[in-house]
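Colleague: So the protein sequences, as listed, match chains D and F.
Under this note's numbering, the first residue of the first sequence is numbered 1, with each subsequent residue one higher.
Under this note's numbering, the first residue of the second sequence is numbered 1, with each subsequent residue one higher.
Simulated from the structure, these hints should not be mistaken for laboratory data.
The C-beta atom is built at its ideal place from N, Cα and C for all residues, glycine as well.
Be careful, since some hints might not be right.
To be verified - Label-pair restraints from in silico Cβ distances:
no., chain 1, residue 1, chain 2, residue 2, range
1, D, E491, F, A28, 50 to 56 Å
2, F, I137, D, S662, 31 to 37 Å
3, F, L114, D, D138, 35 to 41 Å
Stated by the list, open to error - The calculated lysine to aspartate or glutamate pairs, modelled on EDC-like cross-linking and capped at a C-alpha distance of 16 Å, are:
no., chain 1, residue 1, chain 2, residue 2
4, D, K85, F, E212
5, D, K641, D, E671
6, D, K87, D, D138
7, D, K450, D, D306
8, D, K641, F, E212
9, D, K87, F, E212
10, F, K164, D, D82
11, D, K87, F, D78
12, F, K18, D, E671
13, F, K79, D, D84
14, D, K275, D, E292
15, D, K83, F, E212
16, D, K85, D, E242
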Amino acid sequence: MANKILLVKNEIKYMFKEKVIILLILATCIILAIGINSLNMTNDFNLFYIKRNSSTISFNSAKFGATICSLLFALFTVLKLDKDKRKRSRTIVESNLDYLYIIGARIFSIIFYAVITTIIGMIAVMAIQKLIYNIPIDISYYLFSYLIIFFPTLLFSILMISGLYLLTESLDMSVITFGMIFINSLESNNYLLTWVRTNLDIVSDFAGIGPIGNTIIYNRLLWFLISLSIFGIGLLFRRRYESGVGSSFLINMKSKGLLTLTILVILGSGCTYTKEPYTMELMNDLDISIDENICLDGICPEIKFDSENGEMDAHVSYSFINNGSNTIKFDINDGLKINSLKVNGEEIVYQKIKNKNVIEVSIPDVEKVNVDIFYSGSVKCDKNGVGRGMPGYISKESIYLLEASNWIFRPLIAEGDMIDISGYYIAPDYLTMVVPGRLVDVETIDGNKKWIFEYSSHTADIGAFAAKYEKAQIEVNNVAVEFYYTPKHEEYVDNMKIVDHIKSMMEYYTQNIGEYYSKDYPLKIVEVSIYKRGGHSSENVITFAENTINRDNSMYSILNKNNEIEDFRKVDIYANDLNLIAHEVAHQWWGTGVNVIDDTPWSCEGLANYFSYKYIQKEFGDMVSSGVFLQPWKYRVNELKNYYYINNDDMKEKLNERFIRSLEMEKRQAELYYLMPLKLLKGEEIQGEKVFLEGIQGVYRRHLLKDLTYDEFLQEMNLTREAIDVD
Amino acid sequence: MLINLLRYEIKRIVWSKKYLYIVLLIVASTYDLLTRLITGGYMGTAPFSDWTYTLFLNLISPLLMVAMIFIISNTFNDKEMRARSIVLSSPISQTQYYILKSAAVFVTFILTSLVPIFMSFIYYKAMFGYNEFGSFINLIFVFLFPTFIFFLGLSMFLGKINIKLIYGLIPVAFLMGALNLGGNIIPIWADIFGNNFFNMYSFSMLIGREMEVVPFEMPSSFIYTRLGFILLGIMFLVYTCKKGEKK
Chain D
1 MANKILLVKN EIKYMFKEKV IILLILATCI ILAIGINSLN MTNDFNLFYI KRNSSTISFN
61 SAKFGATICS LLFALFTVLK LDKDKRKRSR TIVESNLDYL YIIGARIFSI IFYAVITTII
121 GMIAVMAIQK LIYNIPIDIS YYLFSYLIIF FPTLLFSILM ISGLYLLTES LDMSVITFGM
181 IFINSLESNN YLLTWVRTNL DIVSDFAGIG PIGNTIIYNR LLWFLISLSI FGIGLLFRRR
241 YESGVGSSFL INMKSKGLLT LTILVILGSG CTYTKEPYTM ELMNDLDISI DENICLDGIC
301 PEIKFDSENG EMDAHVSYSF INNGSNTIKF DINDGLKINS LKVNGEEIVY QKIKNKNVIE
361 VSIPDVEKVN VDIFYSGSVK CDKNGVGRGM PGYISKESIY LLEASNWIFR PLIAEGDMID
421 ISGYYIAPDY LTMVVPGRLV DVETIDGNKK WIFEYSSHTA DIGAFAAKYE KAQIEVNNVA
481 VEFYYTPKHE EYVDNMKIVD HIKSMMEYYT QNIGEYYSKD YPLKIVEVSI YKRGGHSSEN
541 VITFAENTIN RDNSMYSILN KNNEIEDFRK VDIYANDLNL IAHEVAHQWW GTGVNVIDDT
601 PWSCEGLANY FSYKYIQKEF GDMVSSGVFL QPWKYRVNEL KNYYYINNDD MKEKLNERFI
661 RSLEMEKRQA ELYYLMPLKL LKGEEIQGEK VFLEGIQGVY RRHLLKDLTY DEFLQEMNLT
721 REAIDVD
Chain F
1 MLINLLRYEI KRIVWSKKYL YIVLLIVAST YDLLTRLITG GYMGTAPFSD WTYTLFLNLI
61 SPLLMVAMIF IISNTFNDKE MRARSIVLSS PISQTQYYIL KSAAVFVTFI LTSLVPIFMS
121 FIYYKAMFGY NEFGSFINLI FVFLFPTFIF FLGLSMFLGK INIKLIYGLI PVAFLMGALN
181 LGGNIIPIWA DIFGNNFFNM YSFSMLIGRE MEVVPFEMPS SFIYTRLGFI LLGIMFLVYT
241 CKKGEKK
């Protein structure tokens, strides 16, 4: 044992004397320093000028550094392992001691230097943050970025390339194979496969690492097992003196410990991959079939959130009107386990539909059917959406649950004219809960708060949002607006006059569309984390991702004292951010106020985009609104019209189902979000802005809290499909 | 005699387990790229459009180039260095020796590139019944060859100084080929693989296009940079041939 330690010590000393390792550490520090600004080097326009703080600086540097340094360390490792072969000194070494010790000592020494590099690199980035940017350091983000992201990537590279080298006994083959594994990781969207730099774009300043922490750690666990498997296989095929692959393998297999361990880690990798507990395949709207014979009359969700453990406990009561069906299907979330299910008070057994997250419940042939479901667990999200498009999560710092996550199991039935919704959420008292509809009461019970709410809606879309919020109460034309944002972003909210803009949006929409749909329900505008990009609106709650109000101080220079544009470089980003809020606010008129019946390209998205565009045009003028919105819309519509697979429908059979679905979604989105507002602008051009907006006001008035179809809209606006056709 | 030596050199490279392994990796990688990424077409263009084919060439390039750099590195390994003193004592000059080595790698490169190229042609024919490959030849010459000649020259040049420098080139080649860093970070004259140019150019030509088939016409500035890479590669090669051996 003492000899082995001495061997490692000597190897460490010897490597240090070679000076290459010093160069490697220096190069790493430079790469990490460059990485601080890597977010602005991407094509991700929405993340430009994000405010620098410990989370962004540490994560961006670690992610950028991991990408490059993993290759550098892999190359360094393989060159070290290949040294004796190149120098033809292996036989001499092998005559003195087991060559495995030398391999072990070298790999151990390189891992030792990877640890040293991680520590030095982390300190260097912290020094830059403190001394150059003068930003206080939050060590927890550094520990996460460097110990969970940066160092493990180096470790996996070292283990994988060592395994590949031992397996192939060739520098070329091992490096090229490693390169392929590396490139595959960069190209993948599946969070499990992105071992080099993870598939996170950014760490949230709003929600911290809580919502994604588990998935990142799971990714690291999986790749630790995979790299150990590769290393183990490499050791099993390690060439023995004067022996080929086969005979070496037979000799190495005699080491029962190594063989058992390798088999165990291979099985472990497979199990870890297949039994992944955090994600699921979410159904998209195109796959859902609705039973028109039953309609939903009321829902009563009673939910208790355990934010410390990221879990929830639910009892949801549904009231249905049955017109002849004998089953009801529910779209569920796979992470939530059903404890009990009752139909009209009697416990029954449900069936899970194979390969789908749908359950089927038998119901009696009576008019009124009540279903009570008791379930609990953690909400799962889509595998490709981890960190970017998570429709639901529960974490210590925040709760974000959109209806799309099926956290309230969604009955696949027709929705009634009005659905009565009432219930409560129980959450720890340090969190401010934003409930849909009207907040009836808040009760404090044993360190928790019970948020009781009620409302009526034409949809069963129920959301829940919570965090440590600052609340701004705004009154616009007798409508109460509650704006919830994190105190961390208060400075930006104040400097960029976000509250004034919200007021201005409300006034603009009231003036040009009509009164806000309800006097009873306040409009709630809520900042949420970047883990779900963009915005969302359901009932009287709208949300938008934190990047909208978490930009760098340099953005302040775009407005002067008179609130006029000073810096045109950043104005596009600012206009885009405000457009997101304006779009979601417009959904309060189109979507919540008027139930716009989808008939592609007709939907509430087109109307919301048209009005947010009009608002931005009013605020920033034609140049900005046209450059940032109008032109890109036209481009996107034109582009999709010329897509090969869209024009050659018969060729779609060459594609896999997933690709066809994503293409159809892409097309549908372009029609809803870009083509329809262009059609509305064409209508405006035909009739003149004044007449067109007066027409829209009439439509809104007549259809408030009712349905609106495309044909009704066209008829009441004196337009035809042909007239507003966009060529 | 030189032709015989060249034939021998090529055979030595190609007739090895290592080369077979590289070819197998290229076959696997090509199959994956064609079935996973190329079938869908690039930015909505046809899977057999010039745009998609350029994407295919860009995706396969890093692997091809790194494989070639490794083959070149063999020219400077210890075993080869020992043999060189014997070779150079024969009537072969240093220039002839390096020309011979470079020519062997060049032919190997052609043979190796033909694997993904033929695979893609077969795939297009079998999947889409498409067989008008004429325009692809042009793209192959513009995107693959200058990159290869540049790396060939640079690797020879670096190898002659110190073989470790060639190993340093490998991560650079991988990263430059695999990562798209955007037009502002990698200027067009340093865009060895042409992938950053392709990304920016396709964005400017395909976003908002008003026709299904947008011709892929490469701007002359890009062609000049490709010629520049060829020239640089040749200059490096000439320098390698002319510079005296280290004692």
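Colleague: Determine for every hint whether it applies to the structure shown.
Modeller: Verification of the hints:
At roughly 53 Å, the beta-carbon separation of E491 of chain D and A28 of chain F lies within the given 50 to 56 Å, and the hint holds. At about 32 Å, the CB distance of I137 of chain F to S662 of chain D agrees with the hint of 31 to 37 Å. About 55 Å separates the C-beta atoms of L114 of chain F and D138 of chain D, a value inconsistent with the hinted range of 35 to 41 Å. For the suggested pair K85 of chain D and E212 of chain F, the alpha carbons sit about 56 Å apart, so the restraint of at most 16 Å is broken.
Only pairs whose Cα atoms come within 16 Å are accepted, and K641 of chain D paired with E671 of chain D is accepted, the gap being roughly 10 Å. With a CA separation close to 48 Å, the supplied pair K87 of chain D and D138 of chain D exceeds the 16 Å bound. For the suggested pair K450 of chain D and D306 of chain D, the alpha carbons sit about 13 Å apart, so the restraint of at most 16 Å is met. Distance hint between K641 of chain D and E212 of chain F is fulfilled; the C-alpha atoms sit about 8 Å from each other, no more than 16 Å.
About 58 Å separates the Cα atoms of K87 of chain D and E212 of chain F, which puts this hinted pair outside 16 Å; it is violated. About 12 Å separates the Cα atoms of K164 of chain F and D82 of chain D, which keeps this hinted pair within 16 Å; it holds. A C-alpha spacing of about 7 Å is found between K87 of chain D and D78 of chain F, which places the hinted pair at or below 16 Å, so the restraint holds. Of the pairs offered as hints, the one joining K18 of chain F and E671 of chain D is violated, with about 52 Å between alpha carbons and a cut-off of 16 Å exceeded.
Restraint check for K79 of chain F and D84 of chain D: satisfied, since their Cα atoms lie roughly 13 Å apart, inside the 16 Å limit. Note on K275 of chain D and E292 of chain D: the hinted pairing is violated, with a Cα-Cα distance of about 36 Å set against a maximum of 16 Å. For the given pair, K83 of chain D sits about 55 Å from E212 of chain F by alpha-carbon distance, which is inconsistent with the 16 Å threshold. As the CA atoms of K85 of chain D and E242 of chain D are separated by approximately 13 Å, the hinted pair is consistent with the 16 Å bound.
Hints 3, 4, 6, 9, 12, 14 and 15 from the earlier list are contradicted by this structure; the remaining hints agree with it.
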